[in-house]
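Q: If you read the sequences in order, they're chains U and E. Start counting the first sequence at 1; every next residue gets the next number (this note's numbering). Start counting the second sequence at 363; every next residue gets the next number (this note's numbering).
Hints in this document: simulated from the structure, not taken from any laboratory. Careful, some of the hints might be misleading.
[As the list claims (entries may be wrong)] Which residues of chain U face chain E? A few of them, derived with a C-beta cut under 8 Å, are: (1) Ala-105; (2) Arg-107; (3) Arg-110; (4) Met-116; (5) Leu-125; (6) Ser-138; (7) Thr-140; (8) His-142; (9) Leu-145.
Glycine included, each C-beta is placed from N, C-alpha and C at the ideal position.
Single-letter residue listing:
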Amino acid sequence: MTTVTSNDPSLEQERFLNRPSNAPLLEIRDLHVQFSTDIGLVRAVEGVSFQIGRGEVLAVVGESGSGKSVTAMSILRLIESQGGQITKGSIQFEGKDLLAFDEEALRAIRGNEIAMIFQEPMTSLNPVYTVGDQIGESLTLHRGLAQEAVRAEVVRLLTLVGIADAENRVDEYPHQLSGGMRQRVMIAMALACDPRLLIADEPTTALDVTVQAQILELLQELQAKLGMSILLITHDLGVVASVAQRAVVMYAGRVVECAPVEEIFENPKHPYTVGLLRSVPKLGQLQGRLEPIAGNVPDALSLPPGCRFHPRCPFRMPRCDQETPTLRSFGSAQHQAACFWSDENPERSLLDIHPKGAEVST
Amino acid sequence: MSNNPQQLSVIGTLPKGTASDLDLISYWESVWLRLCRNRLAMFGLWCIAGLCLLAVGAPLLSLNQPLYWNAGQGAQFPWLWSLFNRLLFENSVDLFFNTILVALPLWTLGYLLWAKKRRLLSRKLLPKYLMMALGFHVALLCALGPSRFIFVDNPLYVTRPVLNYRVEEQRLHGAGQAVSSVFPMREWSYRETDPAQSVQGPSAEHWLGTDTEGRDVFARMLYGTRISLTIGVVAVLLYVGIGVVLGALAGYFGGWVDNVISRAIEVMICFPSFFLILTLAALIEERSIFHVMIIIGVTSWTGVARLIRAEFLKQKNLDYAQAAVALGLSQTRIIFRHLLPNSIAPVLVTATFGIASAILIESSLSFLGIGDVTAASWGQTLNAGRLEQKLWLVLAPGFAIFFVVSVFNLVGEGLRDALDPKLKS
Numbered sequence: 001m002t003t004v005t006s007n008d009p010s011l012e013q014e015r016f017l018n019r020p021s022n023a024p025l026l027e028i029r030d031l032h033v034q035f036s037t038d039i040g041l042v043r044a045v046e047g048v049s050f051q052i053g054r055g056e057v058l059a060v061v062g063e064s065g066s067g068k069s070v071t072a073m074s075i076l077r078l079i080e081s082q083g084g085q086i087t088k089g090s091i092q093f094e095g096k097d098l099l100a101f102d103e104e105a106l107r108a109i110r111g112n113e114i115a116m117i118f119q120e121p122m123t124s125l126n127p128v129y130t131v132g133d134q135i136g137e138s139l140t141l142h143r144g145l146a147q148e149a150v151r152a153e154v155v156r157l158l159t160l161v162g163i164a165d166a167e168n169r170v171d172e173y174p175h176q177l178s179g180g181m182r183q184r185v186m187i188a189m190a191l192a193c194d195p196r197l198l199i200a201d202e203p204t205t206a207l208d209v210t211v212q213a214q215i216l217e218l219l220q221e222l223q224a225k226l227g228m229s230i231l232l233i234t235h236d237l238g239v240v241a242s243v244a245q246r247a248v249v250m251y252a253g254r255v256v257e258c259a260p261v262e263e264i265f266e267n268p269k270h271p272y273t274v275g276l277l278r279s280v281p282k283l284g285q286l287q288g289r290l291e292p293i294a295g296n297v298p299d300a301l302s303l304p305p306g307c308r309f310h311p312r313c314p315f316r317m318p319r320c321d322q323e324t325p326t327l328r329s330f331g332s333a334q335h336q337a338a339c340f341w342s343d344e345n346p347e348r349s350l351l352d353i354h355p356k357g358a359e360v361s362t
Numbered sequence: 363m364s365n366n367p368q369q370l371s372v373i374g375t376l377p378k379g380t381a382s383d384l385d386l387i388s389y390w391e392s393v394w395l396r397l398c399r400n401r402l403a404m405f406g407l408w409c410i411a412g413l414c415l416l417a418v419g420a421p422l423l424s425l426n427q428p429l430y431w432n433a434g435q436g437a438q439f440p441w442l443w444s445l446f447n448r449l450l451f452e453n454s455v456d457l458f459f460n461t462i463l464v465a466l467p468l469w470t471l472g473y474l475l476w477a478k479k480r481r482l483l484s485r486k487l488l489p490k491y492l493m494m495a496l497g498f499h500v501a502l503l504c505a506l507g508p509s510r511f512i513f514v515d516n517p518l519y520v521t522r523p524v525l526n527y528r529v530e531e532q533r534l535h536g537a538g539q540a541v542s543s544v545f546p547m548r549e550w551s552y553r554e555t556d557p558a559q560s561v562q563g564p565s566a567e568h569w570l571g572t573d574t575e576g577r578d579v580f581a582r583m584l585y586g587t588r589i590s591l592t593i594g595v596v597a598v599l600l601y602v603g604i605g606v607v608l609g610a611l612a613g614y615f616g617g618w619v620d621n622v623i624s625r626a627i628e629v630m631i632c633f634p635s636f637f638l639i640l641t642l643a644a645l646i647e648e649r650s651i652f653h654v655m656i657i658i659g660v661t662s663w664t665g666v667a668r669l670i671r672a673e674f675l676k677q678k679n680l681d682y683a684q685a686a687v688a689l690g691l692s693q694t695r696i697i698f699r700h701l702l703p704n705s706i707a708p709v710l711v712t713a714t715f716g717i718a719s720a721i722l723i724e725s726s727l728s729f730l731g732i733g734d735v736t737a738a739s740w741g742q743t744l745n746a747g748r749l750e751q752k753l754w755l756v757l758a759p760g761f762a763i764f765f766v767v768s769v770f771n772l773v774g775e776g777l778r779d780a781l782d783p784k785l786k787s
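For reference, chain E alone in the conformation it holds in the complex (with noise of 0.2 Å):
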């Protein structure tokens, strides 16, 4: 980050009622530049960007379908109708990604004209910005539906005979035809199968070797980020909301509304989770990603639900939120929008370390082979290369796996310290 170090320096120990410029930033804006300070906090979210890239890209850098081509019926762009083929992405998270790789460069567009009318072409605005396109995207989808939940057949979403150009270039060119075409770096999918090539070692053909089906490693490892962010986030997502509303409501009212939902947390807490988790995901006969969110989801909460009640609990009397009573604002208000934002900042601290323990889990559930097996799991690259006895099969996802916990780990720990510099100190 270019920030002046100078003025770093200064905003670490952030003297207290001083008069200067450096007063003139909100809470989260000094959260965020102490973050900034911590270079192993920085280093993980450039990762996590990295990974975010990664996931969106994953088209670009793996796939058997050309960009352009031509075998002298003139151009064709098989590539971009491949995005929505539900034989080339069966998972509905592979649909997500993909429209937004459609959509970055119109929402590029959106983003510098947006910023060219507020003629403010700051950073401040692109976090502001990404949650608008992303909060539309997710909308645009929501309302499209998402296969599998909603019977309404999906417009973007369309079933359409798949031909591997990959085999078809070689099969042309073998019959001495000119073809002439354009494929993304890798030229796998990672649901094509070939049972000849099955465990072969890592070639210059396959970057990482073939699973026991024959699929390539390397573009299994690469749409499998797209499956583990979105468990983690969706998840933890989900959880939080959970915890938040059932915290708030505990922590605020108290009486017997905490009594219940405090009951209720403790029966929860005394489930061991991960076994929780396995019963719940043998109960579902066709296992989605989905399931696996929501199960992660469902179970995981009480923790939330605890900081937020015992934040609550101290929060609700200190004076600003009598003042907040007596200026006559209703409870929902107080609660949401007083309340909330000041408990809020230990969640964020959970909530990001939970994203890292839901793509363990959601790991731990594909490696036992109770996963989604439509998805591209890292888990079940595992399980292959347990069963396989193969180095390379273990070690890709592992890596992989590694990777992504640890850093998300290392924004966990950064976002802690900068929420809280007298831990530090």
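Isolated chain U (complex conformation) (with noise of 0.2 Å):
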């Protein structure tokens, strides 16, 4: 940061605490996805920027159809084969624009820099393959070793993440596994490669909550122990205050929230995250009833103007269906937002109104 010319303090120490270690990992700036289909265009994905320090673990929190499987499939560039366009913006890892890339390239960084896991462990593993012909694999392709030094990379993999009598299971097919289990071998087959940044979509969601638990500990372990970011996809706050650092909320294709993790459940300022956070249930509050967000994601096809939010905030005002809002910063600049309501009541908690009552449309 020594060509910084601006004389704005304000602004240099705004850029210096956006970067939690200065140069972030990866940079997703101003992105656009959408998909052309039958019915007509959808905007899956509309102008979402974040970054990831490295050694930093990010939530991606949101609702389904909110998009945060489409950053994530974006970065990879896998949304490509499912019909998907990046129209505009950058994605930038480690200073390369990933969007610039030619498959070529792409497969040299998928699987080798950047891994990922996904939702299903039940599908994600082919049943043909043994666990160890598919962790193995990688390690053939983008570290070069041979046959034998691979069985053991595998073995020593598998004990990595937790696998017990893991000579043994080398040689198991999938189907032999549990969803606990396999979960754990797609961790590990994206850790073969010792990636700088892990994508992690819904990696829990299919799984039983005690295993969740063991999976999203081994996460965090394994994070510490190997120092690689991780992008983490859930709709699941319980995994973000356990893991995450730093969450980002999305609704609708946009980000509307963007804050460490304590301010999100301290201090949230959109009231789609209060919404969020209210329809929670925590342990040891019996009493009372979930408040659930009111409405549903609107139709990708016919999105509302304005704030997307707006048909079903409690917050509403008359400007909100007319503007949109862009993100700014409250407290920190950190701490990113993107309402109207709090732009002009910066100083109160939404967490402080309740929202019954509050006129809700349909």
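Take the two lone chains and join them into the complex the hints point to.
A: In structure tokens form, the structure reads like this:
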């Protein structure tokens, strides 16, 4: 940051704080992804920007259809094989723009520097190969290991992800493993080449609660041990609280709030974040009912004008369906939200105002 | 099969997610075990094995060359050398089977040594070894050049004057000379013509009678097995190869690739296939059995292509395919190593049925007189029977065709049930 010409100290500070360890590992800027379907153009992601620092765990939170998975898939350009088109924006990984890469350069990054684990451990492994074959494949491909070295390395990886009796498990087929085991195998596959960024797309959604906790614990442990960054896609705020350092809240293809996890939980600045928090049961708080967010995620073909959340928002103001709010800082530069109500009442906490009785349009 | 019956009865239902020894089998092993339970399919498999043995061992069963011959001028072994004689075995298919017959003792020895080295004499190794040996054999023959295709003289394939030892023996006996000889079970070559003996009924001399040219029908049936099996396997391999590649490309890439291939498939389907084959066969002047295989191969790939395309459309959207992309694997690898093994099961079933239908097509072509005249095809004998209005000339090849086709269909049906246990329940 020696060449900063601006004299505005707050701007410099903002820049600094926005980048947890100076240069971010991954920086997504103004990403636009759309799908051309028979019934029209679906704008799945519009203008999403965020960054992940080295060794940081960032959670992307949102309901189904908020565009969080599409964003994740865009990083490795997997979205293109699903019919998606990245129309605008840039994805910088260690200063290189992944969107400018050709297929071959992408293959060198995929699985090697950026690895991904998927939601469904039941179907994410190829049923016809043994666990060892599948993990070994990327070892031979990216690291060029010889046959004997591969087996030893696979056993080491399986032990690393907490699979007991790894020596024998190597030769087993996916159908012989439980869901939690398979997810561990997926993680071992992802870790095979020591990636700098691990994208975990709802890694615990398909697992039962106790196994979920184990897998999350494992991810945290591995992150601490190996020092990689993790991009955690989830709709589960409990997961966010236990694992992530920062969270990005997405709604209908846009980022609505982006803040350190404590801020998200203690001082949310977007009504949607509040809605998410209120709809999660808390242990020890037995009284009272859960308060779901009224209404549904808007249809991607007919998105509401202005703030996309306004039809469901209890804090709606007249300008909300006219103008689109942009991300603005609250308190520190790290805490950003896009909400007109918070803009006008920056000191008031949304959590203190009970939305009951507030008008909610359908 | 000597599998534990108790084990098999549990495998039939294949409980999911239960931890036991039963889980320690791969998908193909479980398919194999289910196939083993199907008695009809196993009967079919044993029959096919028997047919293969007949095809390989045909010269041991019927040939006019003695295994051992001594007419006072020392021991001779004409049988062994005649196996590579172009005048006795005009067709390259025969050369292929004859070399296998000669190499069989070597293979067995190799297998025993190999299995001993691995300290495993298990059944599991046998299929692998058979594949290796067959692959090596075909590669060797291809390297030496099949006659007619590559204009290099195959050193294994010689042209030498043939002495009809059966006639010679009779002549020497007539002259009062002592001859010691060991002949194969029957003493007829499938090419040996005898106008004086034309269209004879079954007798002790000719078990199944003779055809219009006085050739022994039994020998022709025997050597016809070789032709039928080769036609079936090669034609099917050819069209499965074409179909798998085209179907995989169409299914995986979609878009204009899919459009082009799908339209090509539709155009091919529009032609009534047998008439197309007939026309193509009629266009070739000097038809060899390989032309027939190629013609069947290039006209029948549409079914396989459509199956594989549909299967790929399904498989490529499954998570493991996405995961493979995310791991940075190349497209070729994803298509052939990850998607194909998961899509091949239905093709196996069609391929088995396809062998039966390819045999039928070849017989039909020969019956109509546009097959390979040098091959001892069953269809030819059938045609002779029709022309001569002789029942035994119709029954023998008719039964042979019926038997082989049903046996392959039995195995195909068994395979279909084994691959999809849901179908049955």
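Q: Determine which of the earlier numbered hints do not hold for this structure and return their numbers in increasing order.
A: 1, 7, 9
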